[in-house]
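Residue numbers (the working numbering), protein chains in the order written: chain A, 1 to 300; chain B, 301 to 750; chain C, 751 to 1013.
Hints are computed from structural coordinates only; laboratory data are not their basis.
This structure is a prediction, so every number in the text was calculated from the model and none was measured.
Among the hints, erroneous ones may be present.
[What the hints assert, rightly or not] Pairwise CB distance ranges, derived in the manner of DEER restraints:
hint, chain 1, residue 1, chain 2, residue 2, range
1, C, Asp809, A, Ile271, 47 to 57 angstroms
2, A, Glu72, B, Ala521, 20 to 30 angstroms
3, B, Lys393, C, Gly778, 57 to 67 angstroms
4, B, Asp617, A, Gly107, 44 to 54 angstroms
5, A, Arg157, B, Gln701, 40 to 50 angstroms
6, A, Asp272, C, Thr814, 28 to 38 angstroms
7, C, Gln970, A, Glu72, 55 to 65 angstroms
8, B, Gln701, C, Ser955, 32 to 42 angstroms
9, B, Leu319, A, Glu133, 51 to 61 angstroms
10, B, Phe715, A, Gly145, 54 to 64 angstroms
Glycine residues also receive a C-beta, built at the ideal position from the N, C-alpha and C atoms.
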Amino acid sequence: MVPSGSASPRSEVVVTLLLLAGAACAIAFIVIYAIDGLAHQTQLLGLAIGLSLGFIAAALIVTSRRLVVTEEIAEEYPEPEHPDERDAIVEVVHESGDRLTRKRLLGTAAGAAGGALGLALLAPAASLGPALETSSLYRTPWLRGRRLVDDKGRPLRADDIEASNFYTAYPEGADPGQMSAPVVVVRLAPAQLELPPERSGWAPEGLLAYSKVCTHAGCAISLYRSPLFEPVQPGPALVCPCHYSTFNPASGGAVVFGPAGRPLPQLPLAIDGRRELRAAGNFSGPVGPSWWGVRKGRPT
Amino acid sequence: MLRRTVRFLDERSGSAPLLLKVLRYLFPDHWSFLLGEVALYAFIVLVGTGVYLTLFFEPSLAKTVYQGTYAPLRGVQMSDAYKSTLDLSFDVKAGLLLRQTHHWAADVFVVAIVVHLMRIFFTGAFRRPRELTYLIGLLMLFTTLLEGYLGYSMVDDLLSGMGLAIGYSVAMAIPVVGANLALLIWGAPYPGDPAFESRMYVAHVFILPILIGVLITLHLALVMLRHHTQFRGERQSERVIVGVPTFPGQTPRSLGLMLSVAAVLLLISGLVQINPIWLWGPYEVGQSTNGAQPDWYLGWLIGGMRLVPSFDLTIGDYTIVPNPFWGGALFPLVVLVVLAAWPWAERRLTGDRRLHNLLDRPRDAPLRTGLGAGFLAWVFLVFISGSADRMTVLFGLPYEQLLKAFTVAVLVVPFVVFLLVWRACVELGGAEEVEHEREAAEAEARAARA
Amino acid sequence: MRTRPLLAGAAAFVLLAGGIAYAQPPSGIVRPTSESTRSPLELGAQLFAGNCASCHGSDAAGVTSPPQPGAGDIQGQGPSLRGVGALAADFYLRTGYMPLANAHEQPTRRRVLLTSAERRALVAYIASLSPGPGIPRPHPERGSVSEGMQLFTQHCAGCHQVVAQGGVVSGARVPPLTRVSAVEIAEAVRIGPYVMPTFSKRAISDDELDSIIAYVKSTQRPEDRGGWGIGHVGPVPEGMVAWLIAGIALVIACAIIGTRLRG
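Just chain A, with the same shape it has in the complex (with noise of 0.2 angstroms):
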């Protein structure tokens, strides 16, 4: 049936010898790996395994050239249809409704009982989360009064805040790995800001705080651009690393830059009696990335 080729000795030795060659690799590969504390380990048994494959491949590409019989054969495509199948089929399912008065009927009522079985063996996946429930979006750790405390949990004080530095601040007491719970906290020269008039009161001594992350794709904002010489370089920006969004502090988190579609939300301040910064209230406005729902309300 396989028409008769040519031999190829000389092929047959080349193959053999690759084929070797990948067996030598392996071995390789195997001593390699036995031996502990080798340096480059990884470049190593990269190398062994990867010319281990790369040989044996080489031997069978000459394979396929040299010494396996070669033909080009042409034949027909198969048949584009079978319309005597298909029609048999057809045929098939409709003599097979023959003693069907209601069919329609009966159709509707086993759509709705399928149907109504998808809903049914779905209705669990609603438990996975909580997806009527979207007011947990607005909660936030942060009330009136709640400290706020560095990664390692000691107060922060007022005095400590020196301008051009910004630093990261958590709620005391509360999990500080949710998205409402960083803040960033700056100074200001309070002739500087220009918050909303409602919000006059939140920057004490200049002291400004802002959710960390970003209302656009939830990155923290680990960027404070803080110019040196203001005259002529760009001033104090709260930045995102993720897609560039910055954002003002001295007028209450608006976007200046980039796409962020909501202003930060910014943490009204007090500096209680020992000088410790402390929470006056909730956000300006939801933490974190923004949904379908109310743009401006106030975090519970």
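Got chain A sorted already, so can you dock chains B and C onto it with the hints?
Only chains B and C this time, still in chain A's reference frame:
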């Protein structure tokens, strides 16, 4: 010996006719038909290395303190998931090699799919009767993007953690149901219920691989049932396929290709580092790094998200469409829909509703090639704009200026590319030859019937 | 074929072109005559007057309002240098950030045009204007790399990238730290040049700074046991390798394996 084995199998399964058919199935003799196989073999490597990784990976976000081999992270709090990946990389022999192989194979898997897709598209292989095969392929492509995303996000390192927050924001940005969907998937507001890690794990290790496996099987079955397409040639025609049989001719070639794919992947995995998670550190919601990017096959989405100007669509106080929707959800949806609808769109545009077993050279179909090139240019420009900040670091070009330039380019260049490519194809004149051949074939058929 | 004159001409051209390219920019350093006879403070004052006063003011008190016409066609604005001490002067001069041709541009690392003696003189002069911090003497060997990594991630990675490969902030480039010295790191952290935040000893103690420097030094030779580090920024170079190395290799493999068999 061989005879006895074949008889044993045939008596017990009756499969000798089928086996003979498979052994003598004809493969067209052109190198571009091997691109799909490259993807298949990358998938096999993925499954093999993936199984190995599951033997070591701990899919849990429970916190632990690292006291292991890598000194810079000693004393650092991290999840079990991250720690198990560190341990695999530093303390298991060949662990890092196989981890890197798995990740490189994922990147290369998508490269192969995209190159294969381009071959299918620009030669018209998706035409009747192979639209279903094409749609299954597209479905596999997009499933693979999700599969890869979940895979590298499970590790809970700083880079992929940032990427998960972004994924969450895109889910949230879907109109009407976004927040509900996000809460359903994550189980709680971000970072979600601890069970989310298990959800990613079971999706990545079980559900999606089975889905992809089933789709591959369907895809290959359809290819074989309708047979491959083929390029024009002396003996090739719409009715006659010319090729190399599976056995003996194609077998060493396919096996050789499989081992070549494995060889390339393992060589690269030993020599080129990928995803050095120990350098990024563990993920914390309150931390981030500059220069964070998703894996390359999701780079088009970060480009989309960076290019869209600042606005949440609102009605009064209510947010209707948050910003991430356009670049993160609508953009990929448009690409998927355009690609999926293309076979029927082309039928409409050209009026050609016939069955095709013969392929076009790209120049034979100026409209398809031009539109395809323009579309590809559009996606490609959005893709590279996503890493414009690294261009700033490397070449010193200001980021804001680059972004503006890319915004213009993304809107203008695709049309220019379309015009240039379409013109070039028309000039090369292939379409006329094809028309002539078709008319000759039809005339011949008519004469034969008469 | 007169090759020798041709070669000589070519060599001369290359040297001349190279010389011109390498020569000082038009705004160069204005030097006083007979430098060697002057005392360091005197030399420093002269260099200051010729190269810095146009932006920083002849009394180094800064020029905040619209630029004054200055020496060498430079119209400048600049902060006061009174009280910045040797720390700042040393940083800006050793990195070549200063002198800055255009006050509105971001300072970048440049080839230092001052000689070491000139630099020391200028630093001494600026330090003498008003008491200020001296050149720091960090001890990274006393620091902990793991503590440094945590501090760096917290305070620095957002701009500089977690492995100090540099990045972008709106309106500025953030340089990579692949070639900086321990002293430069210590100085920059205390100054907060351009739009970088300023970290005082209260924010980052000297011990913590030692750890940060130890970490940054470690990023200059990162743990690359997986192979070639390809830039240590993650997926962008990885994608390039996937396409341009693996992708091309595999297409070539297909072309080789799939070459038409001659029947």
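Here is how each hint holds up against the structure:
1. C:Asp809 <-> A:Ile271: 47 to 57 angstroms: Taking Cβ atoms as reference, Asp809 (chain C) and Ile271 (chain A) lie about 38 angstroms apart, which means the hint is violated.
2. A:Glu72 <-> B:Ala521: 20 to 30 angstroms: holds (25 angstroms)
3. B:Lys393 <-> C:Gly778: 57 to 67 angstroms: holds (59 angstroms)
4. B:Asp617 <-> A:Gly107: 44 to 54 angstroms: holds (47 angstroms)
5. A:Arg157 <-> B:Gln701: 40 to 50 angstroms: holds (42 angstroms)
6. A:Asp272 <-> C:Thr814: 28 to 38 angstroms: holds (37 angstroms)
7. C:Gln970 <-> A:Glu72: 55 to 65 angstroms: holds (59 angstroms)
8. B:Gln701 <-> C:Ser955: 32 to 42 angstroms: Given range 32 to 42 angstroms: holds, Cβ gap about 40 angstroms.
9. B:Leu319 <-> A:Glu133: 51 to 61 angstroms: holds (58 angstroms)
10. B:Phe715 <-> A:Gly145: 54 to 64 angstroms: Cβ of Phe715 (chain B) to Cβ of Gly145 (chain A): about 60 angstroms, so the range 54 to 64 angstroms holds.
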